[in-house]
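For the protein sequence lines, the chains are A and B, in the order given. 284 is the number that the working numbering gives to position 284 of the first sequence; each next residue is one higher, with no gaps. 41 is the number that the working numbering gives to position 41 of the second sequence; each next residue is one higher, with no gaps.
Just to be clear, a hint being listed does not mean it is correct.
Unchecked claim - Mimicking SDA-like on lysine to any residue, the simulated pairs with C-alpha atoms at most 20 Å apart in a straight line are:
1) K8/B with D338/A
2) K8/B with M337/A
3) K233/A with R219/A
4) K222/A with T247/A
5) K136/A with S113/A
6) K8/B with A336/A
7) K8/B with D325/A
Unchecked claim - Pulled a few chain B residues facing chain A out of the computed Cβ check, cut under 7 Å:
8) A36
9) P37
10) P39
11) R40
12) A41
13) Q82
14) I83
15) Y90
16) C91
Quick caveat, the hints were computed from the structure, so don't treat them as lab data. Idealized CB from N, CA, C, for every residue including glycine.
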Amino acid sequence: MIYLDNAATTLHKPDCVIDAVCTAMHTIGNSARGVHGGSLDAARTIYEARLKTARFFGCPDETGVVFTSNVTESLNIVINGLIDEGDHVITTDLEHNSVLRPLYRLENERGVSLSFARADNCGRINYSEMENLIRKDTKAIVTTHVSNLTGNGLDVARIGQIAHKHGLLYIVDAAQSAGSIPIDMERDKIDVLCFTGHKGLYGPQGTGGICVMPGISVRPFKVGGTGVQSYLKTQPVEMPVRLEAGTMNAHGIAGLSTAIDYINRVGVGAIHEHEANLARRFYEAMRETEGVTVYGDFGQEDGPRQCAGDPWKARGAIVAVNVRDYDSAEVADILAMDYDIATRAGAHCAPRMHEALGTTDRGAVRFSFSYFNTEEEVDSAIAAVRELAQTN
Amino acid sequence: MPEKNNLKYYILFDTNTHGFAMQALLKEEGIPSRIAPAPRAIQGELTCGMSLMIEPENIGDVRRVLEEKKPRYHAVRSLEGQINPHRDRYC
Numbered sequence: 001m002i003y004l005d006n007a008a009t010t011l012h013k014p015d016c017v018i019d020a021v022c023t024a025m026h027t028i029g030n031s032a033r034g035v036h037g038g039s040l041d042a043a044r045t046i047y048e049a050r051l052k053t054a055r056f057f058g059c060p061d062e063t064g065v066v067f068t069s070n071v072t073e074s075l076n077i078v079i080n081g082l083i084d085e086g087d088h089v090i091t092t093d094l095e096h097n098s099v100l101r102p103l104y105r106l107e108n109e110r111g112v113s114l115s116f117a118r119a120d121n122c123g124r125i126n127y128s129e130m131e132n133l134i135r136k137d138t139k140a141i142v143t144t145h146v147s148n149l150t151g152n153g154l155d156v157a158r159i160g161q162i163a164h165k166h167g168l169l170y171i172v173d174a175a176q177s178a179g180s181i182p183i184d185m186e187r188d189k190i191d192v193l194c195f196t197g198h199k200g201l202y203g204p205q206g207t208g209g210i211c212v213m214p215g216i217s218v219r220p221f222k223v224g225g226t227g228v229q230s231y232l233k234t235q236p237v238e239m240p241v242r243l244e245a246g247t248m249n250a251h252g253i254a255g256l257s258t259a260i261d262y263i264n265r266v267g268v269g270a271i272h273e274h275e276a277n278l279a280r281r282f283y284e285a286m287r288e289t290e291g292v293t294v295y296g297d298f299g300q301e302d303g304p305r306q307c308a309g310d311p312w313k314a315r316g317a318i319v320a321v322n323v324r325d326y327d328s329a330e331v332a333d334i335l336a337m338d339y340d341i342a343t344r345a346g347a348h349c350a351p352r353m354h355e356a357l358g359t360t361d362r363g364a365v366r367f368s369f370s371y372f373n374t375e376e377e378v379d380s381a382i383a384a385v386r387e388l389a390q391t392n
Numbered sequence: 001m002p003e004k005n006n007l008k009y010y011i012l013f014d015t016n017t018h019g020f021a022m023q024a025l026l027k028e029e030g031i032p033s034r035i036a037p038a039p040r041a042i043q044g045e046l047t048c049g050m051s052l053m054i055e056p057e058n059i060g061d062v063r064r065v066l067e068e069k070k071p072r073y074h075a076v077r078s079l080e081g082q083i084n085p086h087r088d089r090y091c
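Bound-form chain A, shown alone (with noise of 0.2 Å):
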């Protein structure tokens, strides 16, 4: 199989990420649950992940650093223990379902308004008008990194720099993001990251994280056991164990230390650029191929600049397409069925970004890049394209 669909979840991982979860399952007990051999195994493992995840991201605190099963947690703990009723919340129309559900329950619930950043036909959005949606009672700036269906990057340094002009909390959606673009949230007035550890960082499902900033304070989602403060009739309001009530997945965790070692050793810039390089020989292709439309910024002249420079280096390695007047479902069956090769059609849990780019009836199909695929594979799934292209 060729393996497209690198955007929901990274198929091939290192291997010694996949030895080190067998390793932590036949080693390791529970964290903080006890002083025994086995327990400080545990609590050693996930202590040298936090640091490791903290310089990862440019977190300057390890006791910032909350794993959590994946990203959609990550952000419904972060949103519900954030906002507060009534606040003013501004997002974008390139966010996923992870983002906009936790939104639209408090819009519902607690009188919580919302703006939206509107994205072109291109998916882009004009940062100008995002910094003149602010209000006076607007509590946060909510906004993905990269869009999970266009791949096109947000310049997260310029909304920071909005959002501390403002005195606003940025909370960043990182899912498509970590381990494939640098980020650094002390550089870029990241508040809050949000990550998962299965995409871009190569480590299991099952693991993702949040990144707090100092001095920033999250109201528990959940409360429990800690193995510490046990007489306390509340949850501990120490990081991290405030937002982490419950055994930690440690095997988990333990192939996402492995897995961000790995990224350190091959680094993200090589990861990026070897990503970028496939995306874009797709695109390329795709782009001239009649009977193929290409979704996104891949900077184009007419529109905003989302970001200075080169806009490979921002993008995500995402191309979403569609075939002549095809159902994106029907031509994502037949690559997987004909070709061998795993693509993602429909809605992508990006239902503003469809709106925008005018795909809600039929969908696209998208296509996602990892750093284990190769060039041969991209151009398999090229000559797959360009035959059904010219079918019929």
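Starting from the structure of chain A, add chain B where the hints point.
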């Protein structure tokens, strides 16, 4: 244009769990089915998700099972494929 015999039936579901349960049921009954992405043209408000693709010669048996066993599903729809299954192949 696609050949007219390219008609397929799709069983749609509210969740993938119902879909896998249905496929297990159809397998018990000896009725072939294949998991496929739910076509946008027929999925309505369900948007994403899986469907079970049924060949026309089996749809009568499927409807009998749906009537007798009352499994959970959203709808059964038919749709003619847009891509010619007998197209020229080069790769």
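Given hint Y90/B near chain A, where the shortest CB pair must fall under 7 Å: holds, 6 Å
K8/B paired with M337/A [C-alpha distance capped at 20 Å]: Answer holds: K8/B to M337/A is near 15 Å, not above 20 Å.
Pair hint outcome, K136/A versus S113/A [Cα-Cα no greater than 20 Å]: holds, 12 Å
Hint check, I83/B versus chain A [nearest Cβ-Cβ separation less than 7 Å]: Status holds, d = 5 Å.
Interface hint compliance - C91/B to chain A, C-beta minimum distance less than 7 Å: holds, 4 Å
Given pair status - A336/A, K8/B, alpha carbons within 20 Å: Answer holds: K8/B to A336/A is near 17 Å, not above 20 Å.
Cut-off 7 Å, beta-carbon criterion: hint that P39/B touches chain A: With a closest approach of 4 Å, the P39/B hint holds.
Pair hint K8/B and D325/A, alpha-carbon separation not exceeding 20 Å: Between K8/B and D325/A the Cα gap is close to 18 Å, so the pair holds against 20 Å.
Evaluation of the interface hint that places P37/B against chain A, nearest CB under 7 Å: holds, 4 Å
Distance restraint between K8/B and D338/A, which requires alpha-carbon spacing of 20 Å or less: Given that 20 Å is the threshold and the Cα spacing comes to 17 Å, the pair holds.
Holds or violated: K222/A to T247/A, with C-alpha atoms at most 20 Å apart: Since the Cα atoms of K222/A and T247/A sit roughly 12 Å apart, the hinted pair holds (cutoff 20 Å).
Minimum beta-carbon distance criterion (7 Å), A36/B to chain A: Given a least distance of 5 Å, the restraint on A36/B holds.
Consistency note: the structure conflicts with none of the earlier hints.
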